[in-house]
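Take these sequences, add in the hints, and give me the full structure.
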Amino acid sequence: MKIKYLIPLFVFVPVALIQLTVIPFVSIQGVVPNLLLITVVYFSISNGQIFGTVTGASYGLLFDLISGNLVGSNMLSLTVAGFIAGYFSGETRREKYLYTYSFTLVVFISALLNAMIFSFFSVMDFNTNFVQALFNHALLPSIYTSIVSILVVIIPYKRAFD
Amino acid sequence: MFKLFSNVWNQFKEYLVLLSLVLISLSILTQNNNPQVQKVRALAFGGFATVTSVFYDVFNITQLKNENQVLRKLNAEMMIQVSMLREYGILNRELKSMLGIKDTTSLPLLPATIVSKSLSITQNTITINAGSNEGIKPGMPVLSYRGLVGIIQTCSENFSIARTIKNVDLKLTVKNENKRLNGILKWDGEKLVIVDVPRTYDFDVGDRIVTSEISSIIPVPIPVGIVAKIEEDKTGLLNLIQIKPFEEVLSVENVFILMLVENAEKDNLELNFYNR
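The listed protein sequences correspond, in order, to chains H and Y. The C-terminal position of the first sequence is numbered 162 in our numbering, with every residue numbered one higher than the one before it. The C-terminal position of the second sequence is numbered 438 in our numbering, with every residue numbered one higher than the one before it.
Keep in mind the hints are simulated off the structure, nothing from the lab. It cannot be assumed that every hint is accurate.
Straight line, CA to CA, 27 Å or less: simulated DSSO-like cross-link-like pairs of lysine-lysine [as the list claims (entries may be wrong)]:
hint, chain 1, residue 1, chain 2, residue 2
1, Y, K258, Y, K235
2, H, K4, Y, K175
3, Y, K258, Y, K341
4, Y, K258, Y, K299
5, Y, K353, H, K96
6, Y, K348, Y, K406
7, H, K2, Y, K175
8, Y, K175, Y, K165
9, Y, K227, Y, K258
The structure is reproduced here in structure tokens:
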């Protein structure tokens, strides 16, 4: 079995640990960045669409089980996010989207879809203002997630110079 | 035939993988209340929470200094309040004995620490370091010294997951403490609201909201928050009462579990009444 298929599983534990313990300390008005999504997008661009989709599904399911969320909600949203991010994969596009600030844009698009799907299963009812719900539940977390994803671009870049 | 499948797979494999995983997710979503799924979840979060609790403690140390300072001040204020309450307690006992009212029992509280928080705008949950070994059961209220935090959802042997009041799946019967008016409290993804309140109900900004004794989940009045805003709902026939919670779920670290589930004797009595 190729080691590349096991790497996401090893990465999941520390990422989920940080998401559940450290990230609550950096929340702004209840809005938190989604590190799992950033990781799924990274694997999706670097290893292809199918790999990203399966990684998204596995990460979502595992996170639902350990966090007490509705089981299947994160699985569904991260599966779609991984699939969308996979469109930016490919031999020629990988360098462009993985190591430049375009990565944050891909994260933003995936995060927006991820949050919209996740919210759909949670809050939509008669009294919900759709535009406001879209802004609060999808746009703000997506912006925060994409800002944090800048670190994925900056840190390896700085290290290369050092 | 095989060649046809092979061609379809080669052309659309990404979409086929997506479709099958989406279908699996949707079928899992419908199985959330299945005991098997609950069992797997209890095993998974129990195992992971052991690791999380160690990690969370390390990060929590930095916050302890500030928290200690706040608690010292609160302790002093509480000491004065306790002294006053003792006076009222003595008076209360005397008056009750004069009237012949049965006294209430003290409530069993189990202290616990939050070891991880899963924060999202709609489904906030917390994991606490006490489980079925300590006698915790799903449905028990989780509270802090300020007020209600949430309700136990699932337990493993040593850990439990609680839905906080900022979780869209948690709906509670609450009441206006002064005016004795009941309503259903829920988190709509942005704010805590008491929904479908008739416009004739006399709620005012600043009124204290506590859990109602008619709740099928929480049998005793626990402070929840105060009325922050009153607005019309979209139909224009009912009011939405916005509540500012006493406890901020994001910052709470230590909690108590009220070791009570709704009174079985009362349940049986009510069920017998309905079954007649």
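Hints, one by one, checked against the model:
Distance restraint check for K258 of chain Y and K235 of chain Y: the Cα-Cα separation of roughly 34 Å exceeds the 27 Å cut-off, and the hinted pair is therefore not satisfied. Restraint check: the Cα-Cα separation between K4 of chain H and K175 of chain Y comes to about 20 Å, which is no more than 27 Å; the hinted pair holds. For the proposed pair K258 of chain Y and K341 of chain Y, the alpha carbon gap of about 23 Å is at most 27 Å, so the pair holds. With a C-alpha separation of about 33 Å, the suggested pair K258 of chain Y and K299 of chain Y falls outside the 27 Å cut-off, and the hint is violated.
A distance of roughly 41 Å separates the Cα atoms of K353 of chain Y and K96 of chain H; the hinted pair therefore is violated under the 27 Å criterion. Between the alpha carbons of K348 of chain Y and K406 of chain Y the distance comes to roughly 12 Å, so the proposed pair stays at or under 27 Å and holds. Distance check on the hinted pair: K2 of chain H and K175 of chain Y sit about 20 Å apart at the alpha-carbon level, within 27 Å; holds. A distance of roughly 14 Å separates the Cα atoms of K175 of chain Y and K165 of chain Y; the hinted pair therefore holds under the 27 Å criterion.
Annotation: proposed proximity of K227 of chain Y to K258 of chain Y is violated, straight-line Cα distance about 43 Å (limit 27 Å).
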